[in-house]
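Using the sequences and the hints, build the whole thing.
The listed protein sequences derive, respectively, from chains C and V. To convert, take the position in the first sequence, counting from 1, and add 3; that gives this note's numbering. To convert, take the position in the second sequence, counting from 1, and add 74; that gives this note's numbering.
Some hints here could point you the wrong way.
Rough simulated footprint, nothing fancy, chain V against chain C, three-plus residues with beta-carbon under 8 Å [to be verified]:
1. 250 to 258
2. 266 to 278
3. 299 to 306
Source of the hints: derived by calculation from the structure; they are not laboratory data. Here the structure is a predicted model, which is why all the values come from computation and not from measurement. All residues carry an ideal CB built from backbone N, CA and C; glycine is no exception.
So the chains spell out like this:
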Amino acid sequence: MMTFEIASMVELASFAGAGLCIGLGAIGAALGEGYTAGLANEALSSRPEKSGEILKNMLVGQAVAESAAIFALVIAILLIFLESPAESLLTASALLGAGLCMGFGAIGSGVGAGYPGGEACLGIARQPSVTARLTTNMLIGSAVCQTPAIFSMVVALMLMFMDFGSLPVSPTWAAFLGAGLSTGLAAIGSGLGGGFAAGASCGGIARNPGTFSQVTTTMLIGQAVAQTPAIFGLLISFVLMFKAFPAYSGLSVPMALLGAGICMGFGGIGPGIGNGLTAQNAVKWVARNEEATGDLTRTMLVGQAVSQSTAIYAMVISLVLIFVV
Amino acid sequence: MAIEGADLIKAAAFLGAGLAMGLGAIGPGVGEGFVGGKACEAIGRKPEEAGLLTRTMLVGQAVSESTGIYSLVVALLLLFVV
Numbered sequence: 004m005m006t007f008e009i010a011s012m013v014e015l016a017s018f019a020g021a022g023l024c025i026g027l028g029a030i031g032a033a034l035g036e037g038y039t040a041g042l043a044n045e046a047l048s049s050r051p052e053k054s055g056e057i058l059k060n061m062l063v064g065q066a067v068a069e070s071a072a073i074f075a076l077v078i079a080i081l082l083i084f085l086e087s088p089a090e091s092l093l094t095a096s097a098l099l100g101a102g103l104c105m106g107f108g109a110i111g112s113g114v115g116a117g118y119p120g121g122e123a124c125l126g127i128a129r130q131p132s133v134t135a136r137l138t139t140n141m142l143i144g145s146a147v148c149q150t151p152a153i154f155s156m157v158v159a160l161m162l163m164f165m166d167f168g169s170l171p172v173s174p175t176w177a178a179f180l181g182a183g184l185s186t187g188l189a190a191i192g193s194g195l196g197g198g199f200a201a202g203a204s205c206g207g208i209a210r211n212p213g214t215f216s217q218v219t220t221t222m223l224i225g226q227a228v229a230q231t232p233a234i235f236g237l238l239i240s241f242v243l244m245f246k247a248f249p250a251y252s253g254l255s256v257p258m259a260l261l262g263a264g265i266c267m268g269f270g271g272i273g274p275g276i277g278n279g280l281t282a283q284n285a286v287k288w289v290a291r292n293e294e295a296t297g298d299l300t301r302t303m304l305v306g307q308a309v310s311q312s313t314a315i316y317a318m319v320i321s322l323v324l325i326f327v328v
Numbered sequence: 075m076a077i078e079g080a081d082l083i084k085a086a087a088f089l090g091a092g093l094a095m096g097l098g099a100i101g102p103g104v105g106e107g108f109v110g111g112k113a114c115e116a117i118g119r120k121p122e123e124a125g126l127l128t129r130t131m132l133v134g135q136a137v138s139e140s141t142g143i144y145s146l147v148v149a150l151l152l153l154f155v156v
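Written out as structure tokens, the structure reads:
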């Protein structure tokens, strides 16, 4: 069997992590910004005389969508240039986990923030009189879309700078990799879902500016519920990072911890997107039928609660994998 | 590292349980959310049918949930039976 020095393994992990981080992290923002620019062009074709406002709004919307990719860039650069203590193989798995976490975590927020940007541009063309409200609403909506990417950055930074003390390499290496995957993957769904709700609210305000406050409130409630899978992911990451696992020389405990992270990570994607789809239509119809706001909010919450159930199953299985088996 | 046959089988079962529930949760989550969204749309168009629509939404979501429950059952089998 080939043997590697610990220092070269740590370097290998930080370079591979950096590549994965910015490679994956660039996907979302590019898609989201492209969507915004596409709708801005559509808006310009219908109202060329408002080109100044539409262009300004497009650039502000794109800047918010870009922030997810900038987080990934920062983490990638830190991974490349930071001098990491190369005392144990744990550093290697923590750095790879950090890269994966931020890379996956930026996808959803980048794509999601593109929806409100584009819809706000279309809205300005439709109702130039409410340009300021549309831009405000777009900024609130896309800021909430960024939270999953921020969760990912927090976990990535913790993995990079945490002091491991004298934790045993096995099974802690798998816990760190699982911690990165849990928040990173779960953030994809919540970022996308929050974007669906925010896009619909910009479209709704443009259609019926009088419903501004109800639409924004419904959007925020819907987005808050759509964030829960990312919060579940964050919770599992924290448990994996901060629980001290006793040394184990076999393979079953590390695989249980890695499995816990993968389970919560993938398990959060679907419910995040689903909650966003429900919120999208609820927000859209609050703007069209203001009197039904109560019924719509109630139905949205019931629908989202059911859609959330699979994320809760995933969290239960993750917790069983960590604490029971 | 002492990796024996029984330990290897357990390792695969644990990783498999995580993958089963994790990937299995994607479809029902998206599908149920889609149903919820369409129910909101329908209530927006016809608020007087809210009761019927909520009931239909819940029945539709329950059916969509079934594959999530299959994943949960398989994950629990892998954790506690295999």
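- Item | Coverage of the segment 250 to 258 of chain C by chain V (three or more Cβ within 8 Å) | Our answer is that it holds, as 6 residues pass the Cβ test (under 8 Å) against chain V, meeting three.
- Item | chain V over the segment 299 to 306 of chain C, status - at least 3 residues with CB closer than 8 Å | holds (count 5)
- Are 3 or more residues of the segment 266 to 278 of chain C near chain V, judged by a Cβ distance of less than 8 Å? Three-residue rule met by the segment 266 to 278 of chain C, so holds; n is 13.
The structure fails none of the hints (numbered hints given earlier).
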